[in-house]
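Engineer: Chain by chain, the residues:
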Amino acid sequence: MEGSIHYFVDQTINGLTLGAIYGLIAIGYTLVYGIIGMINFAHGEIFMIGSFLAFFVFLGLGLSGITWVPLAILCALVVTMMLTPVYGWTLERVAYRPLRGSPRLAALITAIGMSIFLQNYVQLLQGARPRPLQPVISGGIELMRTVTPDGSPYVVGLSYLQLLIIVLTVALMTVFTLVITRTPLGRAQRACEQDRDMAALIGVNVDRTISLTFVMGAALASVAGLIFVMNYGVIDFFIGFLAGIKAFTAAVLGGIGSLPGAMLGGLLIGLIEAFWSGYFTVEYKDVAAFSILVLVLIFRPTGLLGKPDIEKV
Amino acid sequence: MSAQAAPLAAEQALLSVEHLTMRFGGLVAIDDVSFAARDREITAIIGPNGAGKTTVFNCLTGFYKPTVGRLGLSHPQKGVMLLEQMEGFRIAQQAGVARTFQNIRLFAKMTVLENLIVAQHNHLMRASGYTVLGLFGLGVYRHAEKDAVDKARYWLDRIHLTDKADWDAGNLPYGDQRRLEIARAMCIDPILLCLDEPAAGLNPRESHELNELLQFIRDEHKIGVLLIEHDMSVVMEISDHIIVLDYGRKISDGDPDFVRNDPNVIRAYLGEEEEEELPPEVAQDLSSRTDGGPEGRDDS
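Going down the list, the protein sequences come from chains A and B.
Taking my numbering, the leading residue of the first sequence gets 1, the next gets one more, and so forth.
Taking my numbering, the leading residue of the second sequence gets 1, the next gets one more, and so forth.
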């Protein structure tokens with residue numbers, strides 16, 4: 001079975017779904033790195049908080065009897081995208097802004113501290129037990145059908161959920177690319193990235209621009225959280241760690257600071273993980289993903305799209 | 001221009017700097033300097049290296065908080081604004097003070113046109129409803145963006161870079177970058193334009209073009225220009241008013257003819273007078289000592 005094209009398509013779809021999550025988180029890393037040159041290691045926790053918020057929205061809607069799926073998903077999307085950025089904004093305001101201008105190491109250690117703080121904050125409020133969620137969407141489209149050697153049918157399908165994930169991710173990435181390239185905010189962000197003092201001298205409110213960058217990153221991470229909770233159905237306070245590190249790997253693979261790079265890196269890491277667990281062994285899928293990080297850092301430290309002359313964000 | 005201005009100094013002053021002092025620890029970079037700059041005039045600040053010229057600019061544009069002093073800018077609509085109390089970006093955004101740097105600081109990875117549009121950030125940000133409308137390309141924003149592009153084109157035309165509008169700013173020749181930086185500063189609609197050595201590194205033809213550009217800005221846009229410059233051909237040709245600093249103190253202040261003949265200035269700049277005043281035997285003595293090895297050199 002493993003040699004067939006059907007199996008391959010199946011794994012590709014899995015990989016793309018996973019890659020969408022990594023890509024959405026990776027954009028947050030890359031945006032923040034682009035504008036203030038720090039790795040926000042607490043970003044994975046923002047994703048985790050987003051998934052918890054989405055979880056509670058679904059739970060609340062279920063309890064109040066609203067079960068029409070599109071409405072539920074829309075509600076969850078709006079609420080998580082509104083509330084999670086508040087965490088991102090506060091994080092920057094409380095932990096990072098006072099340290100701006102101090103050595104990079106100080107900001108890095110603070111980020112790790114904030115990551116631990118946010119994990120414990122959620123653990124204290126929600127407990128350490130994994131939280132399960134009933135599947136929100138079921139059903140899908142049948143793409144291919146075949147029969148395995150032992151006679152049982154094998155169906156390759158694209159579930160509505162996977163379709164939604166791919167559509168949502170593509171839409172969000174398009175919108176954010178437009179924000180960066182076409183709007184005054186995006187222009188201000190690029191200006192701040194290149195020369196913060198000069199940006200202030202042409203009247204750009206640098207502090208606010210940086211805050212908004214954190215808000216944008218958190219909004220995308222919250223959507224990744226929403227996707228995660230719908231796709232996997234189980235969340236706990238620790239999911240942000242691994243997802244965050246993988247997304248960081250994705251950002252580095254794509255070229256940190258580069259927006260298209262983060263998307264590409266996310267998809268590649270997702271696919272590598274899916275194929276590795278599909279064709280080799282599922283236990284070592286994390287090893288596969290992190291080996292990529294090591295290889296990239298050795299052979300191409302600027303990442304795939306991270307050439308100096310590429311437009312960065 | 002309104003008569004609302006600083007009580008001291010000239011009543012017509014656009015910018016009145018009073019008792020500006022800037023200390024860095026024990027080092028006094030600027031020591032009790034007062035001067036005024038009027039609009040529709042080019043005011044040059046000159047002086048030997050280390051005289052504190054750039055420090056004055058850094059105080060004016062919020063890079064440094066002055067140790068002592070009052071920096072009053074009389075804005076035609078908003079009255080007197082005290083620059084020393086304002087945050088850096090508000091000095092550009094609200095008071096309308098624009099600045100260029102000695103070492104060019106363009107956004108090198110943006111196009112020439114984008115450099116001029118990003119300078120109109122605040123106007124566009126408001127018009128775009130803080131980005132939301134801009135995303136959907138709604139009418140108000142589209143209109144504002146068209147205006148911004150028109151203004152950018154106007155300046156491109158003025159600095160002869162229209163055909164290079166899509167170049168990355170970092171790839172422009174040096175002289176073009178200088179002019180682009182001035183055009184970008186003008187795009188924030190300043191009432192005071194501070195230029196830090198705009199003629200540095202320019203050849204005579206480019207330097208001449210620069211003179212014309214600055215005179216155009218003064219005469220057509222009717223703003224004040226504050227200029228730090230070493231190139232005396234630029235300073236003497238286009239300045240209406242010159243302030244001379246030396247070791248952080250103001251040593252002369254007046255029109256070009258006055259400053260050119262001011263003995264203080266000549267002494268600070270050339271040191272000629274002093275040398276001439278030396279009695280011949282002392283001069284001879286000094287020169288013979290200079291030949292006599294390291295000790296002699298130390299003494300002289």
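Derived from the structure by calculation, the hints contain no laboratory data.
None of these values were measured; they are calculated from a predicted model.
A virtual CB, placed ideally from N, CA and C, is assigned to each residue, including glycine.
Misleading hints may appear alongside valid ones.
[Claimed, not checked] Reference excerpt, derived from the structure (chain B facing chain A, CB under 10 Å, subset only):
| hint | residue |
| --- | --- |
| 1 | ALA29 |
| 2 | ASP32 |
| 3 | GLN85 |
| 4 | GLY88 |
| 5 | ARG90 |
| 6 | ALA92 |
| 7 | THR100 |
| 8 | MET110 |
| 9 | TYR269 |
[Unchecked claim] Selected chain A positions facing chain B (in silico; Cβ < 7 Å):
| hint | residue |
| --- | --- |
| 10 | LEU143 |
| 11 | THR146 |
| 12 | VAL147 |
| 13 | PRO149 |
| 14 | GLY151 |
| 15 | VAL155 |
| 16 | GLY157 |
| 17 | ARG187 |
| 18 | ALA191 |
| 19 | GLN194 |
| 20 | ASP195 |
| 21 | MET198 |
Engineer: Now tell me, hint by hint, if it's right for this structure.
Structural biologist: Verification of the hints:
| no. | hint | in the structure |
| --- | --- | --- |
| 1 | ALA29 | 19 Å, violated |
| 2 | ASP32 | 27 Å, violated |
| 3 | GLN85 | 16 Å, violated |
| 4 | GLY88 | 4 Å, holds |
| 5 | ARG90 | 8 Å, holds |
| 6 | ALA92 | 4 Å, holds |
| 7 | THR100 | 9 Å, holds |
| 8 | MET110 | 6 Å, holds |
| 9 | TYR269 | 30 Å, violated |
| 10 | LEU143 | 34 Å, violated |
| 11 | THR146 | 45 Å, violated |
| 12 | VAL147 | 49 Å, violated |
| 13 | PRO149 | 53 Å, violated |
| 14 | GLY151 | 54 Å, violated |
| 15 | VAL155 | 40 Å, violated |
| 16 | GLY157 | 35 Å, violated |
| 17 | ARG187 | 5 Å, holds |
| 18 | ALA191 | 5 Å, holds |
| 19 | GLN194 | 5 Å, holds |
| 20 | ASP195 | 6 Å, holds |
| 21 | MET198 | 5 Å, holds |
Comparing the model with each numbered hint stated earlier shows that hints 1, 2, 3, 9, 10, 11, 12, 13, 14, 15 and 16 do not hold.
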